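**Student:** On the provided structure of chain Z, position chains X and R as indicated by the hints.
Protein chains in written order, with numbering that gives the first Met the number 0: chain Z, 0 to 257; chain X, 0 to 371; chain R, 0 to 297.
Hints listed in this document are in silico derivations from the structure and should not be mistaken for laboratory results.
Please note that a few of the clues may not be correct.
Interface residues of chain X toward chain R, partial, derived using beta-carbon atoms under 7 Å [to be verified]:
no.: 1; residue: Asp-100
no.: 2; residue: Asn-103
no.: 3; residue: Ser-104
no.: 4; residue: Ala-260
Source: prediction; values computed, not measured.
Backbone N, C-alpha and C define an ideal beta-carbon position, used for all residues, glycine too.
One letter stands for each residue in the lines below.
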Amino acid sequence: MRLAITGLQVSFGDRRVVDLAELAIAEAEIVGLAGESGSGKSMTTLAVLGLANTVGARVDGSIRLDGTELTGLSQREMRAVRGRRIAAIFQSPALAFSPVFRVGSVVHRALRLHGMTKAEAAAAAQRAMRQVLLPPGLLDRYPSQLSGGQLQRVAIALALALRAEVLLADEPTSALDVTVQAEVLELLRDLRDQQGMSVLFISHDLAVVAELCDRVAIMQDGRIVEQGPTGQVVTAPASPYTAGLLAAVTRLGAGGGR
Amino acid sequence: MTPLPERGGRAPTPLLEITDLAVRFGPVRAVDGVSLRLAGGPFGLGLVGESGSGKTTIGRAVVRLVPVAGGQIRFEGKDVGALRGPALAGYRRAAQIVFQDPDNSLDPRIRVGASVAEPLIAHRVVARRLAAARARELLAEVGLGPEFAGRYPHQLSGGQRQRVAIARALSVQPRLLVLDEPTSALDVNAQARILALIARLRADRNLAYLLITHNLGIVSELCEQTAVLYLGRVVESGATSELLSTPAHPYTRALRSAVPAIDIAARSARVVLPGEPPDATSPPPGCVFHPRCPIAVDRCATEVPALRRVRPARLVACHRAEEVLAGAMEAAGQPLSSSREAGASGLAAEGSRSPGPAPADSGDGPHADRLR
Amino acid sequence: MIEAPSTLPTGGARLPRGQTLRRGLAANPLLVVGGLLSALIVLIALLAPLLAPFPGDAGTATHPFLVLRPPSAQHWFGTDNVGRDVYSRVLYGARISPLIAVAVLAIACAVGIPLGVAAGYFGGWLDEVIMRVTDIFLAFPPLLFALALAAVLPASITTVIIVIALTWWPWYTRLVRGQAASVAGRPYIDSCRALGISRRRIIFRHILPNSITPLIVQVSLDVGGVILTVSALSFLGLGAQDPTPDWGLMVAEGQNYFLTSWWVVTFPGIAILVTAFAFTLLGDGLRDLMDPKRIFLR
Numbered sequence: 000m001r002l003a004i005t006g007l008q009v010s011f012g013d014r015r016v017v018d019l020a021e022l023a024i025a026e027a028e029i030v031g032l033a034g035e036s037g038s039g040k041s042m043t044t045l046a047v048l049g050l051a052n053t054v055g056a057r058v059d060g061s062i063r064l065d066g067t068e069l070t071g072l073s074q075r076e077m078r079a080v081r082g083r084r085i086a087a088i089f090q091s092p093a094l095a096f097s098p099v100f101r102v103g104s105v106v107h108r109a110l111r112l113h114g115m116t117k118a119e120a121a122a123a124a125q126r127a128m129r130q131v132l133l134p135p136g137l138l139d140r141y142p143s144q145l146s147g148g149q150l151q152r153v154a155i156a157l158a159l160a161l162r163a164e165v166l167l168a169d170e171p172t173s174a175l176d177v178t179v180q181a182e183v184l185e186l187l188r189d190l191r192d193q194q195g196m197s198v199l200f201i202s203h204d205l206a207v208v209a210e211l212c213d214r215v216a217i218m219q220d221g222r223i224v225e226q227g228p229t230g231q232v233v234t235a236p237a238s239p240y241t242a243g244l245l246a247a248v249t250r251l252g253a254g255g256g257r
Numbered sequence: 000m001t002p003l004p005e006r007g008g009r010a011p012t013p014l015l016e017i018t019d020l021a022v023r024f025g026p027v028r029a030v031d032g033v034s035l036r037l038a039g040g041p042f043g044l045g046l047v048g049e050s051g052s053g054k055t056t057i058g059r060a061v062v063r064l065v066p067v068a069g070g071q072i073r074f075e076g077k078d079v080g081a082l083r084g085p086a087l088a089g090y091r092r093a094a095q096i097v098f099q100d101p102d103n104s105l106d107p108r109i110r111v112g113a114s115v116a117e118p119l120i121a122h123r124v125v126a127r128r129l130a131a132a133r134a135r136e137l138l139a140e141v142g143l144g145p146e147f148a149g150r151y152p153h154q155l156s157g158g159q160r161q162r163v164a165i166a167r168a169l170s171v172q173p174r175l176l177v178l179d180e181p182t183s184a185l186d187v188n189a190q191a192r193i194l195a196l197i198a199r200l201r202a203d204r205n206l207a208y209l210l211i212t213h214n215l216g217i218v219s220e221l222c223e224q225t226a227v228l229y230l231g232r233v234v235e236s237g238a239t240s241e242l243l244s245t246p247a248h249p250y251t252r253a254l255r256s257a258v259p260a261i262d263i264a265a266r267s268a269r270v271v272l273p274g275e276p277p278d279a280t281s282p283p284p285g286c287v288f289h290p291r292c293p294i295a296v297d298r299c300a301t302e303v304p305a306l307r308r309v310r311p312a313r314l315v316a317c318h319r320a321e322e323v324l325a326g327a328m329e330a331a332g333q334p335l336s337s338s339r340e341a342g343a344s345g346l347a348a349e350g351s352r353s354p355g356p357a358p359a360d361s362g363d364g365p366h367a368d369r370l371r
Numbered sequence: 000m001i002e003a004p005s006t007l008p009t010g011g012a013r014l015p016r017g018q019t020l021r022r023g024l025a026a027n028p029l030l031v032v033g034g035l036l037s038a039l040i041v042l043i044a045l046l047a048p049l050l051a052p053f054p055g056d057a058g059t060a061t062h063p064f065l066v067l068r069p070p071s072a073q074h075w076f077g078t079d080n081v082g083r084d085v086y087s088r089v090l091y092g093a094r095i096s097p098l099i100a101v102a103v104l105a106i107a108c109a110v111g112i113p114l115g116v117a118a119g120y121f122g123g124w125l126d127e128v129i130m131r132v133t134d135i136f137l138a139f140p141p142l143l144f145a146l147a148l149a150a151v152l153p154a155s156i157t158t159v160i161i162v163i164a165l166t167w168w169p170w171y172t173r174l175v176r177g178q179a180a181s182v183a184g185r186p187y188i189d190s191c192r193a194l195g196i197s198r199r200r201i202i203f204r205h206i207l208p209n210s211i212t213p214l215i216v217q218v219s220l221d222v223g224g225v226i227l228t229v230s231a232l233s234f235l236g237l238g239a240q241d242p243t244p245d246w247g248l249m250v251a252e253g254q255n256y257f258l259t260s261w262w263v264v265t266f267p268g269i270a271i272l273v274t275a276f277a278f279t280l281l282g283d284g285l286r287d288l289m290d291p292k293r294i295f296l297r
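Next up, chain Z with everything else stripped away, as it sits in the complex:
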């Protein structure tokens, strides 16, 4: 397993918001983490990135990346991991890019920070942009000149350019139009198939998770109540909570009005 989370507990004082017994992602696999808001999904992302302490939370447990234990690392050591080995994209892509800098300069700076030379960074950026099906010229634009879908793809391009092994995607398509969402999801599938990337896809939208993910874990109040291959969990949920969530999802063609 490329990313193995065991016994992860994230707490604010004595209030525990995440209590994961076990969650693992293999190479070339998309694992979904689904649940309602407040179930602890986003805190899990922060914990894996080593950023939980920035919001005042304490992290206990084990997060292993290819065998390396991440929870004990210093901030300096984590910085080498963040972005380079574990990349992340979030719900609001505009937040990842400072509005006063061209998108390309943010990408370049990130690549340079992780050790590439100017030439290497430029080449990697161009290559990655083509992989996400965006014209490399878009790197010269400011974030305000790009749509949400395009910005999200640039964020993914950055992860690609850094050759990250793991991509944490926290509600990356919730703010996007459904057709643009379809494109981004397709892109994530390509990442899995062509780059062998491990993706942790966090969402409250069960339909998206069901379509995209190979395996899915359902979170409730910080705990994983059910976990398994997507087809199994969706068609034969073991937990009543999962069954309730699935029943609540709107389906096309249901009712059709009166």
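**Tutor:** Positioned in the frame of chain Z, the structure of chains X and R alone reads:
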């Protein structure tokens, strides 16, 4: 015009009739010639579209929150734009709106009960001293206990805030409700509860509503009729269940296929739309959808398709609607990876027409010069 | 089905108003300290004649044989260059500097708030006109403006109040206007308009309360600033005149003796510091109290 269900053999007077509506924000034509009809309650009309489709603007125009540049909105036969004074106040009570952002729909400094009571007092629906009690009744109607009246908005969850907003809109006893993305900011369970609430209110209050959303699943549950919008125009409208099961417009097909489905059986072959929606300040000539359309032909670039009847209860704005219904999209071979060659959709993002696989057997004229 | 209240951060139902206040105070030590200190200063101002050992020294009395005595049992803060008891003068000063500050800021608010709300809510040409007028006033450096006016008006406390208020109101207009414009664009205002709620009601019940929060903090922070500006003007001879025990004036007068008789400058200076500090804390606390979100998240 959205076709209305026939009742008793004669065409009924619509509750709301929108004719050739045009709304402009500077150079942007947010709404460009939209005509819709909404029957009296209980009735739901879904307005479906993505960003830039103009659906939110239409909703706001109906409640007179944006100035109208052209066309007319008639409520019970009367021109809404011409209303003044007491007639306008009456309209404001008859047609209400619930916004999509539950975080900012309520004044954060005012307690929930007072927020719901405010329109009651402003319109003198009840005597001032009875307003608080009526506000609690309204809160109960949307499923919130009386304890909520004393709370501030930030103490409620998103779903609860949305319900308060609905209660506030209902306080003036509207006959028409505009629901602007009522569930997009909510997660699955809260969403289901709001939808159930809308269904119940519809039955209890004989409500007619305009449901604005990008979520096709919602309209299929709550709306008899649906209109699909693209760049400020109606591209297709008709009975919801038929529209979703057999779309006649390529965009509707693409939208439908892009919706993620839990049931594997419900997933249709994805129609991939290259590029992004075009710039609203300079829409493409002819059919506004043609640069991204997988089956566009020459005619589409020069002639604006009129909204026409292709089935008894279906209106479509597409030159090739009949072919789409007959399966032209599938014949055009829309496998998942055809247009994913490097640069293909990226170049389309610049607004030029997308090169796609030339349909092998649609017999409608040369495609050789599509690649320009 | 009616929902039971979910678990909230406060964990409780609505509290009666008195309890809300007490809980607010308990959660808000800044407000308590600031409030008490400010109240103390006001109390001192009111009771100065009773507290001061030498009330005459705050007026025209001079004692040539007690010049520049260091702090002692008789004169807690020592005496100044004409033998007046510094302690008494500091106590009486509590009546002056803060009062001027309050008057200035009250005028600035009285002018700034209506203009700011009007500009922010209505926008358009009204906004343009108000903002350009504001810009013009902002272009005047306060002291030069004061000097210009001093040529016309007699030097006095009233002059100082008018002059400083004239340079202060534009800032508040801008502040309120920015906030009002932001509030006016929010969905709940649209909701009010769609519900047909009158413009008057919208402005007074929704725009105004939501626009003045930043102003409250700014006002409390400005108390110290105004006092300093007052003393600058007094220093230039444009404000309170001797023998008025204005703290700023006392600092200005005592600076010549600072190296040898530190007490003449230090105690009025500390008084300015403490007063500004007290009102700042009060302002911060008030803002927290008035912001329904912040108080409960503590």
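**Student:** Per the CB criterion, is Asn-103(X) less than 7 Å away from chain R?
**Tutor:** Status holds, d = 5 Å.
**Student:** Closer than 7 Å between Cβ atoms is the bar; does Asp-100(X) clear it against chain R? Give me holds or violated.
**Tutor:** holds, 5 Å
**Student:** Given a cut of 7 Å on the nearest C-beta pair, is the interface hint for Ala-260(X) held or broken against chain R?
**Tutor:** Violated, about 29 Å.
**Student:** Under 7 Å, Cβ to Cβ, is where Ser-104(X) needs to be relative to chain R, so tell me if that hint holds or is violated.
**Tutor:** holds, 5 Å
When each numbered hint is compared with the structure, a violation occurs for hint 4 only.
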